[in-house]
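Student: Sequence:
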Amino acid sequence: MKTSTPSLHLTKGTSTLAKTSGPVVIAGPCSAESEEQMLLTAKGLKKLQGVTIFRAGIWKPRTRPGSFQGVGSVGLEWLRTVKQETGLRTACEVANTSHVAEALKQEVDILIIGAHTTVNSFMVQEIADSLKGANVPVLVKNPVSPELMLWLGALERFNQNGITDLGVIHRGFSTIDNAPYRNHPKWDHVVELKNMLPDLPVYCDASHIAGRRSLLRPVSQRALDLGYDGLMVESHYNPAMALSDAQQQLMPQELDMLLQSLKLNQTDEETTRKGVLMEELRKEIEHLDDQLLDLMARRSLVSAQIGDLKADECSLDRQQAWDDVLENLLKQANSFGINKEFVKTVFQEVRKQYAQTHLYADMGS
Numbered sequence: 001m002k003t004s005t006p007s008l009h010l011t012k013g014t015s016t017l018a019k020t021s022g023p024v025v026i027a028g029p030c031s032a033e034s035e036e037q038m039l040l041t042a043k044g045l046k047k048l049q050g051v052t053i054f055r056a057g058i059w060k061p062r063t064r065p066g067s068f069q070g071v072g073s074v075g076l077e078w079l080r081t082v083k084q085e086t087g088l089r090t091a092c093e094v095a096n097t098s099h100v101a102e103a104l105k106q107e108v109d110i111l112i113i114g115a116h117t118t119v120n121s122f123m124v125q126e127i128a129d130s131l132k133g134a135n136v137p138v139l140v141k142n143p144v145s146p147e148l149m150l151w152l153g154a155l156e157r158f159n160q161n162g163i164t165d166l167g168v169i170h171r172g173f174s175t176i177d178n179a180p181y182r183n184h185p186k187w188d189h190v191v192e193l194k195n196m197l198p199d200l201p202v203y204c205d206a207s208h209i210a211g212r213r214s215l216l217r218p219v220s221q222r223a224l225d226l227g228y229d230g231l232m233v234e235s236h237y238n239p240a241m242a243l244s245d246a247q248q249q250l251m252p253q254e255l256d257m258l259l260q261s262l263k264l265n266q267t268d269e270e271t272t273r274k275g276v277l278m279e280e281l282r283k284e285i286e287h288l289d290d291q292l293l294d295l296m297a298r299r300s301l302v303s304a305q306i307g308d309l310k311a312d313e314c315s316l317d318r319q320q321a322w323d324d325v326l327e328n329l330l331k332q333a334n335s336f337g338i339n340k341e342f343v344k345t346v347f348q349e350v351r352k353q354y355a356q357t358h359l360y361a362d363m364g365s
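Each residue of the sequence shown is one higher than the one before, counting from 1 in the working numbering.
One or more hints might be untrue.
As the list claims (entries may be wrong) - Here are the simulated DSS-like cross-link-like pairs (lysine-lysine), alpha carbons at most 27 Å apart as the crow flies:
hint: 1; residue 1: Lys19; residue 2: Lys340
hint: 2; residue 1: Lys105; residue 2: Lys43
hint: 3; residue 1: Lys274; residue 2: Lys47
hint: 4; residue 1: Lys60; residue 2: Lys46
hint: 5; residue 1: Lys352; residue 2: Lys340
hint: 6; residue 1: Lys43; residue 2: Lys83
Source of the hints: derived by calculation from the structure; they are not laboratory data. Bear in mind that the values here come from a model prediction, so they are computed numbers and not experimental data.
Based on the provided sequences and hints, a complete structural model is requested.
Tutor: And the structure:
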């Protein structure tokens with residue numbers, strides 16, 4: 001559903017994040033694990049058309065302590081070596097001001113704000129303040145929860161501190177039912193974001209949306225059909241040995257096959273956007289239908305309880321009560337612009353069901 005939002009204006013700069021002739025591809029391992037792992041993966045990726053940015057997780061946020069949380073600052077030195085030996089631009093996530101300082105010291109080319117950071121406005125503000133006066137591109141991932149205003153607010157905080165080379169990464173959202181994805185894409189959120197900020201570069205983190213290799217192609221293709229500027233796909237020279245997210249990483253040669261299979265401009269972008277919005281509206285209708293059925297069931301239960309308490313009430317009093325309820329409903333329908341005849345028909349069916357329920361109850365007593 002389209003959210004009512006104020007107009008957002010970001011100061012434009014010279015973007016180094018937008019696509020040129022084709023989609024930009026950011027690739028690299030989920031986590032930096034060793035210098036050898038970084039170099040072997042980067043040298044494989046360097047051969048692939050479209051891969052121009054190498055990323056790796058240096059600090060890894062984890063739900064519980066004890067799991068692998070990244071190698072830390074030494075990984076930045078490995079990133080620097082990768083840039084020197086391959087010429088690829090480098091990127092990594094930063095989650096606090098000390099991360100920013102260390103990344104800039106090691107000349108990381110692009111800073112990424114992770115989903116768990118974007119959701120915290122205090123953390124975003126501190127990072128944005130620390131970057132005041134810096135000339136570095138920043139990519140902001142969507143927050144974990146589907147809150148468009150948090151995403152927009154993060155962009156504004158960086159922009160107000162003079163960061164104009166901005167872009168976003170769509171990595172999906174945590175919802176009640178993510179299946180079959182790791183994180184639900186909720187494509188309509190990005191469609192709305194692109195409508196509000198048409199010049200903002202948008203990347204799709206296909207790996208974190210998909211969660212497994214089998215879904216990488218359809219997720220990536222949908223992103224390209226929607227006019228995304230690029231993709232971010234996790235790649236490891238030997239995924240079976242990866243210390244994190246092994247199931248969603250590809251070897252460089254597998255990534256090459258994925259990229260070769262994708263079709264550019266195969267559908268009209270506007271038609272695809274409308275299709276995405278239509279899908280979301282249909283899902284909302286299904287959700288509302290479920291709510292209606294639940295309300296009807298709850299109403300029947302409450303009606304039965306009222307009937308038990310008012311068993312001795314005369315039929316005239318009951319008739320007046322029904323008439324009063326209907327009159328009130330019709331007034332509300334009028335104020336909401338709902339067809340009165342439709343409301344009346346539904347009400348009469350509810351009343352009929354009520355009467356039949358109590359008739360059967362009386363017969364059984």
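Student: All hints, please: hold or fail.
Tutor: Hint check results:
no. : hint               : verdict
1   : Lys19 with Lys340  : violated, 53 Å
2   : Lys105 with Lys43  : holds, 24 Å
3   : Lys274 with Lys47  : violated, 37 Å
4   : Lys60 with Lys46   : holds, 24 Å
5   : Lys352 with Lys340 : holds, 18 Å
6   : Lys43 with Lys83   : holds, 10 Å
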